[in-house]
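**Q** Starting from the structure of chain Z, add chain D where the hints point.
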Amino acid sequence: MKYLIIALFIFLIVFSCKQKKESFPSHFPLPSRTLTNEKEAELGKLLFFEPSLSGNGKLSCASCHIPSRAFSDTLSFSIGAKGELTSRNTPSLVNLAWAKDFFWDGGVHDLETQIIASVTSAREMNESFASILKKLNSKKIYQDKFREVYGDSITGQHIIHAIAAFELTLVSGSSAYDEYLLNKNSLTPLQEKGKLLFEQKCAICHTGVLFTDNKFHNTGLDSIFPPMQQFDNPLLGRARITQNASDIGKYRTPSLRNLNLTAPYMHDGRFTTIRQVLSHYSSGVNKSIYTDSLFIHNKRTGIALTEEDKNALVDFLQTLTDSTFIKDNSSFNKK
Amino acid sequence: MKKLLLFLFVLIVFSCHKNSPAPNPTEGNIVLKITNKVNGKIFALNQKYVTPANDTFYVTNYKYYISNLQLMNIDNGKYIAVPNSYYLFNAAEQSIIPLGASNISPGDYNEILFSIGIDDVRNHTGAQTGALDATLHSDMFWSWNAGYKFFVLEGQIRNGNRYSPFVFHIGSDDNFKTETFNSFSKGWNTDINIQAGGTSEVDVTFNLDSLFKGISPDSLNIMSGSQAATMANNYATMPQLTGISNQ
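Protein chains in written order, with the working numbering: chain Z, 4 to 338; chain D, 42 to 288.
In short, the hints are calculated from the structure, not lab data. These numbers come from a predicted model, not from an experiment. For every residue, glycine included, the Cβ atom is placed at its ideal position computed from N, Cα and C. It is possible that part of the hints are untrue.
[Stated by the list, open to error] One-sided and incomplete, this derived list gives chain D residues near chain Z with beta-carbon spacing under 7 Å: (1) 165; (2) 175; (3) 186.
If we strip away everything but chain D, and leave its shape as in the complex, we get:
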């Protein structure tokens, strides 16, 4: 009888057990701050800029996915992959992206990684939540060939005397690009030193100028194939590290 009661008690306790997410002051925060620039200025929609080939253009829609934020210490192998880190940047709503993650184990990290686009594990279904909810963000998802548009840039570019529309929609697993910054990178002024209760900020600039390299002004609709691959290689060169601060 006592055994039975004990068993029942254990059963109930076990079934009601919850991981109580008590605030843990022993962990810290990381912020990846991305500033979008073009022609050396803060990017804005509907402003005139020039491509490296000196063609005037303006942008009416600019969106892209950032994902898979990771921190590493390449000396001791300490590694953190921030779970569920998928962010959709929309120039119509923001000019700077602060990508935050809390519960980071304190310590010294000398490498940070993030990706432009969606990894192949998560790329092929629209039945997901948050930034990947394809019912909310249907303009960033090809539902007939299931996959996300990693990078979308639309606008007008001057072609002779008149403006022509351009549409760049880049996706597909091959065009998923991972950025790596570490102590060998330009702009690395200090290691990322996460302190308990503190916040470390990594500042990165995305320079849109790089996007147009090798893109002919005659190719105004790029959605797949080798032109899309060229453009993906270009957006992989957009991010530049501008500094790190630890607080």
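Chain Z extracted, bound-state conformation:
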């Protein structure tokens, strides 16, 4: 009897204290959110690939957030369920557990609300949750899965929480650069040179292992902007959200992880190669009253880069490609 009780007690303690496997790389900062239920993420993965979430029944989240493209696509603007183009370039979905703001203009602050926006937007998936509930309720697999995960029937809130849970698992932290940081491999001399240049000239915004300062900048892509009177014109950038003229033409600093897979670049996908982006920063920055002062110096506008510097930076940026991340998430039936 005594041993049985002790055994039970030990079992209880072990069970209640079971350490969860760290869901993020050891050299990353603490995320702002963590995954609490892996079953929920599995359901979310199923939903992420589910075309019933779109008005025409043909688009899933994965249609524009393609796993092999680091959850972005190859277009400047993606094509929504009504055949309309999105107003901004589809971003890569990576390390979202550390993100604070969503969309290029930061109008949304949590994954769940971002999902509502993309599902209901006429330019994106163009579907209502009322209609999605009808479609999912006609499939027994979803009735069962929602019951299993939430002990409840299918609701809009469960749908967005499940997809958000899956998106929290999209962690990229095992690229050649990460291996280098963990002393598991080394960089080539050219990559080393690129890394030093990057730290001097790019890391002020593309900061740390997440390669973003989570802030908004006007990088001088344009010199002419709509007036604030056009309060909901997407070309106002961040100012469309804040209604503050000082935010005109500002966009969120994107992560540079898996950069090789996420072309085209910038909020409107105007550049097709990394080299074009670097040329913009070295010689193409437009000077307007809205251009970030980081790009304005006494003698020149932009970031001084020689052709050799660009070669080194391009070579360094290749090391941010994370093949494990792509492989692990290549489809919904592989875990």
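**A** Leaving out everything else, chain D in the frame of chain Z:
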């Protein structure tokens, strides 16, 4: 061994402990009853009314959020904030809103507060339940710039010989308005005296007429900026206290 058993017992009891919500006859209820009126009549959709500037209009959609019901005794500082008090009024479904709250501690209250709109703590995510579930009430939520539409009025207004559509969607933290009625307010006929097992009712009328003050009939699409701020100041003047009863 005995200690171990005792410990286990405590552990189990503790882990199974639940707050049993036994009915408590020592508490009372409050009802805030809002009646929507226009031109002195009970408001209805698709009926013709006139603005203070004498423009004929009718309404096809009228919705707004009421939140943060609070009771106070400004003499002794007794204060109750009704938790999770978020209500969505929809004229297509109701003409009078009875906003109820139970479990109110009995006593004398000489101030009642409620807000039009959603406080900034709850205003910026659609991942909420009930009246704030943005998957259910997506027409009351801007998902690209996360925030609720506090006040929505849509319809047609006569402009010369023809009718033009108007769309007023007012939100944003600046336009969150809190209403305060107390013993100094017009219509305050008695203090709110919550009795155990009893129900006190506060009757308020929302007069839509006030909404159009200072709004030009040329501004038919108001969703942000100074016109939205004017309209929010206007809806803040809509509620009028008409009486209090204690039972």
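**Q** If a hint holds in the structure, say so; if it does not, say that too.
**A** A quick look at each hint next to the structure:
A cut of 7 Å between beta carbons decides the hint on residue 165/D: the least distance to chain Z is about 6 Å, and the hint holds. With a least beta-carbon distance of about 5 Å to chain Z, the hint placing residue 175/D at the interface is held under the 7 Å criterion. The closest approach between the C-beta of residue 186/D and any C-beta of chain Z is roughly 4 Å, which is under the 7 Å cut-off, so the hint is satisfied.
Going through the hint list in order, the structure satisfies each hint without exception.
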